[in-house]
Amino acid sequence: MLRSLALALLALAASAPVTAQDDPPPFPEYPDFRPGAVAAADRDLYSLALLDIFEVAPAASGVPARLEGFYRIGTDYNRLFVRAEGEGLISEAEGEAEVQALYSRLVTEYFEAQAGVRLDTEFGEGGLRARPQLAVGLEGLAPYFFEVEPFLFLSYKGDLSARFEGSYDLLITQRLVLQPEAEVTVALQEVEDWGVGTGLNAVEAGLRLRYEVEREVAPYVGFSVLQRFGGAADFARAEGEPTSEGLFVVGVRLWR
Amino acid sequence: MDRRHFIRNASAFGALAGLSALTPAWARTGLAHGPLRQPGLVPTVKRDGLVEYDITIDRTRLAFGGRTGTAVTMNGTVPGPLLRFTEGDEAVIRVHNRLDEMTSVHWHGLILPNDQDGVPHVNFPGIAARSTFEYRYPIRQFGTYWCHSHSAFQEQLGHYAALVIDPAGPEPYAFDREYVVVLSDWTFEDPHDVLAHLKKRANYYNYQRQTVAGLLLGEGMSLGQRLDWDRMRMDPTDIADITGATYTFLMNGQAPDPGWSGLFRPGERVRLRFVNASALTFYDVRLPGLPMTVVQVNGQHVQPVETDEFRIGIAETYDVVVEPGDRAYTVFAEPMDRSGYARGTLAPRAGMTAPVPERRERPSLTMMDMGMDHGEMGHEGMDMSGAAPGAAAGGMAGMDHGIDHAQTEGMDHSGMTMAAAGGEMAMPGQDRSGLRPPGTLPEVTMHGPDDHGIANAMAPMQTRSRLHEPGVGLGNDGRRVLVYTDLRSLHPEPRRAPDREVELHLTGNMERYMWGIDGKTYTEDPLIPLVYGERLRLTMVNDTMMNHPMHLHGMWMELENGQGDHIPRVHTVVVKPAERLSLLVEVDALGPWAFHCHVLYHMDLGMFRVAMVQRPDDWDAERLAEMYPQGLPPGFGRPDLARG
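Protein chains in written order, with the numbering used here: chain A, 384 to 639; chain B, 532 to 1175.
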């Protein structure tokens, strides 16, 4: 090998049209030689704040309002997610909200595994009450570009429930996007205080047509339906809440 | 008329015509009675082969299309001044940094001493804020090149300039007049915001996705094709990460309207020196109604090839000679995704224009770009023999070999074995080194079991040479399109067989806008160890759906395009999706050399390595241990590198 190297060098000296310096330093001696320092952007933190749903149903009694969104920050592999969603009646100043704080790790090309805590709250005339839960789930892109989010929750009392959310962006034009979305909740145990029945609790589906004025600003109109089942429906009835409803909604989707 | 005088005149002309004050003198409308060679910046000193320039880097306001922004400029213009040398000169270039941040100038395509190459943290510490750095190196080559910042996003902000070196002897091709045509892309957004947008949503700038309306109207792909792509979570309209949605496409620093213009006298042969100084844009260049003869690529003479159109990758340079008639011609440069255009005019008289051609429909990737098209492989091979009639027998033999594999379905086995060798592929018994003969095309190869982890969205099933293909969106409309297999070096050179082969996979996860090599970013795996004096075969495999213009600093790469002793030398090569190509490198320059994708944003996110050239004895164990606290990467364990 040494011989071939020597031959190579000879051949080089004889034929090379343009070659570099003859006698360079063996190793860069300036103090700043730091391979890996140039492309630091792969270590930077990147964030996204998305308010996916920010809407009211103007025609309905009590004017139901709703918001759903998250803030995430982190690197390609590790992120912190804070999710929030809430709904209520504007005129009655009552409703419920849910906040999650999750550690998220990229586990496959398209999916992040997430784990953390979830806090359910309910507010209104009776004041504010809350219950903490543990949350574990996945978020990512399924084949055919379906955004899916299967999650399991365990309350501090040991009650187990699950929620599956899925959505899809259908481009009508480059800026007009139809977004069907669905959410299914099931539970293993009944939790009367929180209106949770055993088995299938509710199916919620929405269809929102948004126009992306900018990528980040997209007003929309849509239709949202909810159907409660079994024990959950019974509890809702007892509270004077509807077991099924259909609402026209108007809102705006925002992110930055 | 001396040069200084001419520049003053040209400036006055520019002001009268209401052109942007930011356009460098050399790029303003040429005069038919002006000099035949474009005058460069006036050297500070020019005597006895010593050429000294002073360049000032600063922030400058610029305006076009009714909008204003701030550019990082060389001597106050975008592009910077034309630097002109003659082969054999000694170059001294003092760079005065007036910014409040570090800057650098990299001399793209020039073979020079390592500490003059200009990559901060690799070749030197960078040019500190408010300081001056003096570059000094011998000019030992000729041709069209360029220079640009290698710091942060300064290149996207306008910090680039053309560099022309006249040969010491006569030019092998006759031409009467020349123009340098620098293509680039400009955004009024802060490039950091651009990157942040892509990180939030990788298709942020793509307003050419397939829609329901498009599907119903039968535009682009069929429903079946669409579903195939959707199943893989891949978007075939993902042609360019950043598009005309934010970019203004520039020719010699000018927006398309009114655009740059160059004048000629009827009957003259005009040499156009195209430089793609874009941060992210691949351009398809043509002059409707005027065939071009390509004479130089990447600063190297090639045997003349007549063509109607060529694709110029980011950081490449192409020189063409045209013989215009007594009329105006549009110099049309369409970005690969067709989301706009850069435009200029070549005309016999000032004020003349030619029609601007209609932009073509944005192209769509095909299953070939995913390395998924088994069935047509034999057919592909046939195309290849048609496209490159002059290809050396060796190249054809290589292809035939691949086709045989495909037809006998023996391919899986051979492919897996090759890839299983762990990044180093050896073909048995073809050469004393055990590697296939120099200058020939790589074999069609099944992708190995290593899919490079979650930083790589999807490894193609098989990879092959695509050097004979014009690339996505080209070659379907009857125009002649230049392809890499058309390039033959002017003079034959016997090519020594490689001693060793290194295989690198270009990887990415588009959904998350992650880019790397072999599934790792630069910070995760910074070095490619090379041995001084070895002859390397560098095989690159593109495991992504994007084109990547790969650039090696400090050493030439000989592109193995099947042309045997006539294979061309390049400093940058575009690797198409699912492509496998190889280059021969004479490892004749000690030190750390940058090797990276020239898409600025891909480079910044980690598609970057330092090719570390050392004598076997010179590896400094202590320094290496510092750089690799978690242990050395596999390359350092290679017996041929450990030797000494």
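In case anyone wonders, no lab produced these hints; they're calculated from the structure. Even for Gly, the Cβ is constructed at its ideal location relative to N, Cα and C. Incorrect hints may have been included.
[Said to hold, decoys possible] A few chain B residues that face chain A, going by a derived Cβ cut-off under 8 Å, partial list only: (1) ARG629; (2) THR742; (3) ARG858; (4) GLY1009; (5) GLU1042; (6) MET1045.
[Stated by the list, open to error] Covered by chain A, per the in silico footprint, the following chain B stretches (three or more residues, Cβ under 8 Å): (7) 726-739; (8) 830-837.
Evaluated hints:
1. At its closest, the beta carbon of B/ARG629 sits 21 Å from a beta carbon of chain A; the interface hint therefore is violated under the 8 Å criterion.
2. The beta carbon of B/THR742 comes within 4 Å of a beta carbon in chain A, closer than 8 Å, and the hint placing it at the interface holds.
3. At its closest, the beta carbon of B/ARG858 sits 38 Å from a beta carbon of chain A; the interface hint therefore is violated under the 8 Å criterion.
4. Proximity of B/GLY1009 to chain A is violated relative to the hint, the smallest CB-CB distance being about 29 Å (cut-off 8 Å).
5. Annotation: interface hint on B/GLU1042 holds; nearest CB of chain A at approximately 6 Å, less than 8 Å.
6. A distance limit of 8 Å between C-beta atoms decides the matter here; for B/MET1045 the minimum to chain A is near 5 Å, and the interface restraint holds.
7. Counting residues of the segment 726-739 of chain B whose beta carbon lies closer than 8 Å to any beta carbon of chain A gives 9, which reaches the threshold of three, so the coverage claim holds.
8. Coverage of the segment 830-837 of chain B by chain A is violated in this model, with 0 residues showing a Cβ closer than 8 Å to a Cβ of that chain against a need of three.
In the structure shown, a violation is registered for the earlier hints numbered 1, 3, 4 and 8, in ascending order.
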